[in-house]
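*Asks:* Here are the chains, one letter per residue:
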Amino acid sequence: MKVRIHVSLKPGVLDPQGRAVHHALEGLGFSGVEDVRIGRLIELDVADGTSDEALDEMCRKLLANMVIENYSIEKLENA
Amino acid sequence: MRAAVITFPGSNCDRDMAVAIERVSGKAPQRVWHGDASLPDALDFIALPGGFSYGDYLRCGSMAANSPIMRAVAEAAGKGVPVLGVCNGFQVLTESGLLPGALMRNAGQTFICRTVKLKVENGHSIFTGRYDEGQIIDIPVAHHDGNYFADAETLDRLEGDGRVAFRYAESVNGSQRDIAGILNAGGNVLGMMPHPERAVDAAHGGTDGVALFESVFDSLSVV
Numbered sequence: 001m002k003v004r005i006h007v008s009l010k011p012g013v014l015d016p017q018g019r020a021v022h023h024a025l026e027g028l029g030f031s032g033v034e035d036v037r038i039g040r041l042i043e044l045d046v047a048d049g050t051s052d053e054a055l056d057e058m059c060r061k062l063l064a065n066m067v068i069e070n071y072s073i074e075k076l077e078n079a
Numbered sequence: 080m081r082a083a084v085i086t087f088p089g090s091n092c093d094r095d096m097a098v099a100i101e102r103v104s105g106k107a108p109q110r111v112w113h114g115d116a117s118l119p120d121a122l123d124f125i126a127l128p129g130g131f132s133y134g135d136y137l138r139c140g141s142m143a144a145n146s147p148i149m150r151a152v153a154e155a156a157g158k159g160v161p162v163l164g165v166c167n168g169f170q171v172l173t174e175s176g177l178l179p180g181a182l183m184r185n186a187g188q189t190f191i192c193r194t195v196k197l198k199v200e201n202g203h204s205i206f207t208g209r210y211d212e213g214q215i216i217d218i219p220v221a222h223h224d225g226n227y228f229a230d231a232e233t234l235d236r237l238e239g240d241g242r243v244a245f246r247y248a249e250s251v252n253g254s255q256r257d258i259a260g261i262l263n264a265g266g267n268v269l270g271m272m273p274h275p276e277r278a279v280d281a282a283h284g285g286t287d288g289v290a291l292f293e294s295v296f297d298s299l300s301v302v
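Protein chains in written order, with the numbering used here: chain S, 1 to 79; chain C, 80 to 302.
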């Protein structure tokens, strides 16, 4: 089973990288971009039947830093 | 002093740390590899050095925080053994949950490598007893991810409990409240981004780091 873990900065945590990219987009002439936040996409290939709890634990223990990041889990059942 | 310096793959300040400890204590620390499951017996001091453990994969310090030796370090810290984490060592301590907060990318996006002014905020911890409270010292920094972040409640608690050991006396990396180094609740774990081990010899350009290692040595002699 393929699983995608999306890791993003919590609201309120300053993202200097996102801000720099925002400025770069504006510099390229793209107007109307309100905000840019940069996160991380982690693709896992796990055994069928891996529990939601186990995936949650992987995120909390290692894949995301819960002090500054949120995560969401997307299961791609047929991938 | 029976000290140990932990080396992770990618550590690059482990030798400097060992030299600094030996200079002050007169005894070379033991060198411990990250894959070891246990520490030498009866240690009085553990140092986690700077560098780029595991190539900074995932997040700085996150892989090292989950290495076998860190379970032993956490256990020793729980028993009150002094643990110092410098730079990447600080990142390992926050990632392992031994210290609160997180170290994020510098606000200015650039790697910062220069000597900065630090204010000693707590002059009576086991790591800072030889400094005067409020003293300004010169210590080098060399990091890309030293921007300290914690929520306001955690920051208030750190300040209220005297757990901010060092604060930048100048603008450096965007850290919340200019925090450069913090202590755990027990006062026996210190994490700091600046490198005291790079300021222990006149040839380094300054010796303001010596007092930190002397403070630890003092605290052991008292016991």
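For the record, the hints were derived by calculation from the structure and aren't laboratory data. Quick caveat, the model's predicted, so the values are computed rather than measured. Idealized CB from N, CA, C, for every residue including glycine. Incorrect hints may have been included.
One side only, chain S facing chain C, incomplete, derived with CB under 7 Å [to be verified]:
#	residue
1	Pro16
2	Ala20
3	Val21
4	Asn65
5	Val67
Taking CB as the label site, the calculated pair distances span [to be verified]:
#	chain 1	residue 1	chain 2	residue 2	range
6	C	Gly265	S	Ser72	50 to 58 Å
7	S	Val13	C	Asp120	40 to 48 Å
8	C	Asp280	S	Glu53	47 to 55 Å
9	S	Arg60	C	Gly265	22 to 30 Å
*Asks:* State for each hint whether it applies.
*Replies:* Each hint tested on the structure:
{"no.": "1", "hint": "Pro16", "result": "holds (5 Å)"}
{"no.": "2", "hint": "Ala20", "result": "holds (6 Å)"}
{"no.": "3", "hint": "Val21", "result": "violated (10 Å)"}
{"no.": "4", "hint": "Asn65", "result": "holds (6 Å)"}
{"no.": "5", "hint": "Val67", "result": "holds (4 Å)"}
{"no.": "6", "hint": "Gly265/C <-> Ser72/S: 50 to 58 Å", "result": "violated (36 Å)"}
{"no.": "7", "hint": "Val13/S <-> Asp120/C: 40 to 48 Å", "result": "holds (42 Å)"}
{"no.": "8", "hint": "Asp280/C <-> Glu53/S: 47 to 55 Å", "result": "holds (53 Å)"}
{"no.": "9", "hint": "Arg60/S <-> Gly265/C: 22 to 30 Å", "result": "holds (24 Å)"}
Violation of the numbered hints given earlier is confined to hints 3, 6; the remaining hints are satisfied by the structure.
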